[in-house]
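So the sequence lines, in the order shown, correspond to chains A and B.
So for the first sequence, the numbering used here puts the first residue at 1; every next one is plus one.
So for the second sequence, the numbering used here puts the first residue at 503; every next one is plus one.
None of these hints come from the bench; they were simulated from the model.
All C-beta atoms in this analysis are idealised placements derived from N, C-alpha and C, irrespective of residue type, glycine included.
Wrong hints could be hidden among the right ones.
[What the hints assert, rightly or not] With a cut-off of at most 27 Å between alpha-carbon atoms, the simulated DSS-like pairs for lysine-lysine come out as follows:
id : chain 1 : residue 1 : chain 2 : residue 2
1  : B       : Lys1172   : A       : Lys244
2  : B       : Lys751    : A       : Lys357
3  : A       : Lys244    : A       : Lys408
4  : B       : Lys1043   : B       : Lys1062
5  : B       : Lys920    : B       : Lys869
6  : B       : Lys751    : B       : Lys549
[What the hints assert, rightly or not] From chain B, some residues computed to sit far from chain A (all C-beta separations above 12 Å):
id : residue
7  : Arg663
8  : Gln721
9  : Ala864
10 : Val877
11 : Gly962
12 : Glu1163
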Amino acid sequence: MENSKQNISSTVRFVLGGQAIAVQPARADQTLLEFLREDQALCGTKEGCAEGDCGACTVLMGHANETGQLQYQAINSCIRFLPSVHGKHIVAVEHLSGRDGALHPAQAALQELHGAQCGFCTPGFVMSLAAAFAQQSTALNAQQAMEALSGNLCRCTGYRPIVDAACQMHDSARFAPLPPEQKQWQDAQVVKQLNEICAAGTLQTANANWVAPRDPLEFAAFLKQHPEAQIVAGMTDVGLWVTKQHRQLGAMLYLGDVDAFRAIETSDELLTIHAGVTHTDAWAALEKHYPQLQSYAQRFASPPVRNSGTFVGNVANGSPIGDAMPLLLALDARVVLQCGDDQRVLALDAFYLAYRKTALASGEFVRAVQIPLLRRWHVAAYKLSKRFDQDISACALGVALRLDAQGKIEVARLGVGGMAGIPSRAPNTEALLNGRTWNAETVANAAQALLTEFTPLSDMRASAHYRAQALANLLVRDFHLARGETLDLAQTRQLAPLGAQS
Amino acid sequence: MSASGIANMHESARLHVTGQAHYTDDVPELRGTLHCAAVLSEHAHGKLLNIDSSLALAMPGVVAIITAADIPGENAIGPIMQDEALLPSTTLQYRGQPVAIVVASSAKLARIAARAVRMNVEPLPAIVTIEQALEAQARVLKVRELTRGEPRQQLDSATHRLQGRWTLGGQEHFYLEGMVAYAMPQPEGCMRVLSSTQHPTEVQHMVAHALGVSQTQVQVETRRIGGGFGGKESQSSHVAAWAALAAHKTGKPCKLRLDRDDDFVITGKRHDFLADYDVGFDAHGRLTALDVMLASRCGFSADLSGPVNDRAMFHIDNCYWLPHVRVVSHRCRTNTQSATAFRGFGGPQGMAVIEQVIDDVARFLGKDPLEVRQVNLYGKTSNNITPYLMTIEDNIAPELIERLARNANYRTRREAIKAFNQKSRFIKRGISLTPLKFGISFTATHLNQAGALVSVYADGSVLINHGGIEMGQGLHTKVMQLVADALGVPYASVRISATDTSKVPNTSATAASSGTDLNGKAAQAAALQIRERLCQLVASKEACALEQVSIADGWVVSPKGSQAFADVVAQAYMARLQLWSDGFYATPKIHYNMQTMTGRPFYYFSYGAAVSEVALDTLTGETRVLAVDILHDVGRSINPALDRGQIEGGFIQGMGWLTTEQLVWVEQGKGLGSLSTHAPSTYKIPVASDMPDHFAIEFWPESNREDAVFKSKAVGEPPLMLALSVWHAIKDAVLATNPQANLQAPATAPEVLRALTEDF
């Protein structure tokens, strides 16, 4: 702490392709995309929506892991503030091809297989494919390809040739990977540069509009002293305040540089996810214990958003349509709140007070979420939206049932999203489940209660009637799914056409 | 080796994948460039009392605010009727209408300043829905009617009769590159404009109109656009004119790039429709009479609503013989964005209505809808005249449909699905085959013309300019293939540069699927003239007959042997022969009487059909498309890879229109008339995982019977309509649970659940 306090740098430093960058941005909320296009004249990266929904702005962000290897993830540069890439390796579409112009396999496959029509979305697809290529050494299957591409919109091709490219880019006979010496950067050199930057201490831009402590207590102390500071993590929400609402944020306190916040702790009973853990890492940890959540996790936003956004950020934000909370409420999760050196633990159920209003006190932040690892419980989560992938819930349901050996429900907890001003439990419905045998009749009665337990809104996502009816039906679906019926279309992509020859 | 007929990759493919392809916003900016943002109306309808720009102008870096008073030319714009104010001075007509343009040192600052401009507005009553407009008789254009035979009498005497009302949603284009224009003042009152447009000539005309200068003083250039789909046919002119006004007032280069949300709320979309139908039919399902009322939400101005709604009327027949028919078309004026061209241009809406009618007839009779579709098909030699009195000479629908039904195993699968649905309580499946016949040509006959310029340089390399716009469809690739063959040179020696109003004037929009048909023919004609001159040179030098000289693959072959094309070009230059040529094309045979709505508006028809199978979760209304088989007619394909791309892309775009893409306007209370689905977070176009697992495309193996370029057929718009099979498959699955269901479009999960549970 002392050390980092002594070393405060006001210069944002990172590696862009093979080039070391050192800038003092005029605005701390300048986006990485603005920097690339306007300051660097790297116009291959496009703005399609400026809200992280279309993927035209996708770039790779790399960091050096413990073993000195560079690891890359796709992120949306349009809502990523420039200071947040301090100490990172940024690779844009211009940096992928070799020094002699040879194409990266993702580029070559898209080109050969007619994966680009108007071409505007193409650089974003190239980068998402390049991320998948960096993360996986064997060929992607169609399912993996669609998952990797769920954050990229294309309006021309209908996706078939792009998915083909994703599945074939690992065919090295057709699409040879670049030899290391042909790349526009040398990994070892980049790792050295990143390590130097990270060793140089805390980033704090001029007039303190961006403060990025590396020490957790320093972070907490700053917030206590400056409770008005805006905490910034993945910028998947705060980014839009700037790009869409043009809000002036004042001081931003960035938590992404605090290593301790990236911790995931697992005990027998509890999974603790700290404030800086991305959705990608958090859901992977959750899936280890609850593999049945894979489909739900995959429908949470898109890979670039999950790679930036934090799990705790979703919880702290408290949006009634956030997807983590219905599940966490059903699991009876707790939040660890910290103010300065003091921590307190609160049941998540007690955290949400009213629409976008939480129990956080001034100068306090959500340090972690503690998630019970239930054994021998029935745990499930479901989401309904107009589109399966990368959509915001019309409603969502988390289910946790403790059953005795006879199939009687000892404890029932339901978490719902999209039904009220805050993420909520459904006590009336739970009461009709508790102590009863988990059978069709019990579920039908409970669903009937769930139908009327909330008075949701009608909006552009769904009518109030749909929300109530579909949520109640999800409880029915949950019961039948648990009995092995093929029901959830989101989970059964491969239903074969009937009677087809192919 | 011929270049045409080959699956060449897109001419810009390498640039696309490396990020080197420049779109308008990527072109390096000139020194002193300023950036614009629009100040938007916050009222659906209102009297503009005053604009207070003082706060915005006080911001350091804000240079100017452009209002109606700053327009040196005419404050009127529109593609056919100039019935819109470029910037309104008295009346605001929709929420999102640009009222003023802020010019500042950066785009970010311009957008912040635009929000600081205050308007004093006296609200007026607003009309938002089609029903309200019908009630108030609010129209942008006169009601049109097309009648053949005696539909009313025949309805009264029909064996069976059904009536129904159906609504069909609109669609946002969601081109990935939003609207953008970059205007650069030039000496002598001239303006150079880079525009993301499908119609540079109209942009040129509208900018000249707004600036009060001649058309020679405005040059518009477009290398490529990041998708158009009709959205950049007429309304890109507004964006360019706003940028040009800013450039004119400040004397600096000015760029206006709409933020995505602004693009959504400013620009027009596909027309949504309401249809009332009254149909008479016999026991086989043969339609004996049809009376249809079509009403569409046109928004606040006429824009292209006239021809869009005309095309909807023209496609009310789809592939079917309608002996007695009346179509009445209402073009409703609403206080919403001005609805505009969108892939299919009204055709999909007209076709959707007749498919719904036919399907309802089949359900009423308890027949397979395919059987009813087949008994109603146009004949080859009789029952082959459309309601607008065009004789169909190229009907391949009967054999195309039957071939697809067999290849896709439609009938077996339909039986299997019936059996599945009887066993499956919550998941239902549905299947449907829908055909399409789409008329090719602009209905306004005069638009069916094109020009091109082919230049052979002294080294034998070839540059093409033509009036068409490359928007991803591969137009430039196809034209390069055609010109390479026409000249007899390798594809690799041919290039196309930006479409430019100073190279080829008075062009039509790249629209109506006509890009290759028109510009390909024009470029081919130009190339053939140069080829003729070169052959004549060799023939006269070698004293042989002209027919004895040929050019292929870059070699000029004559009885004396072969010479490299570049060598002959060098000789031609020394001999003072013209090595460049213009080319021109006007589509033959077509004629059309706008008053009577009769004639031969279309040169030919494109055909196709699709079988779609879906699964439906009756608990939640969610659906998934499982399998799609398409048989589509592209004539003799100039480029099979590009044509397949158009079919697949059009299909998925149509699927989005009919399933997840829903436009929602606030219809009452606070926010009346505002579009609540104004970003990709709320407006959901398909993503990769929405693609069906089985997605098979086959081309109909026959050339165009008309003399279209390379005997190919237009392919831009028609495939979108193949997606009607998805909606009907969903309907099929819904009816398996609720036979009384009245499913509307789009079939979102909420709409499907409503249809499953509500009775009518």
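Self-check item: Hints violated by the structure (listed by number, smallest first)
Solution: Structure breaks hints 2, 3 and 12.
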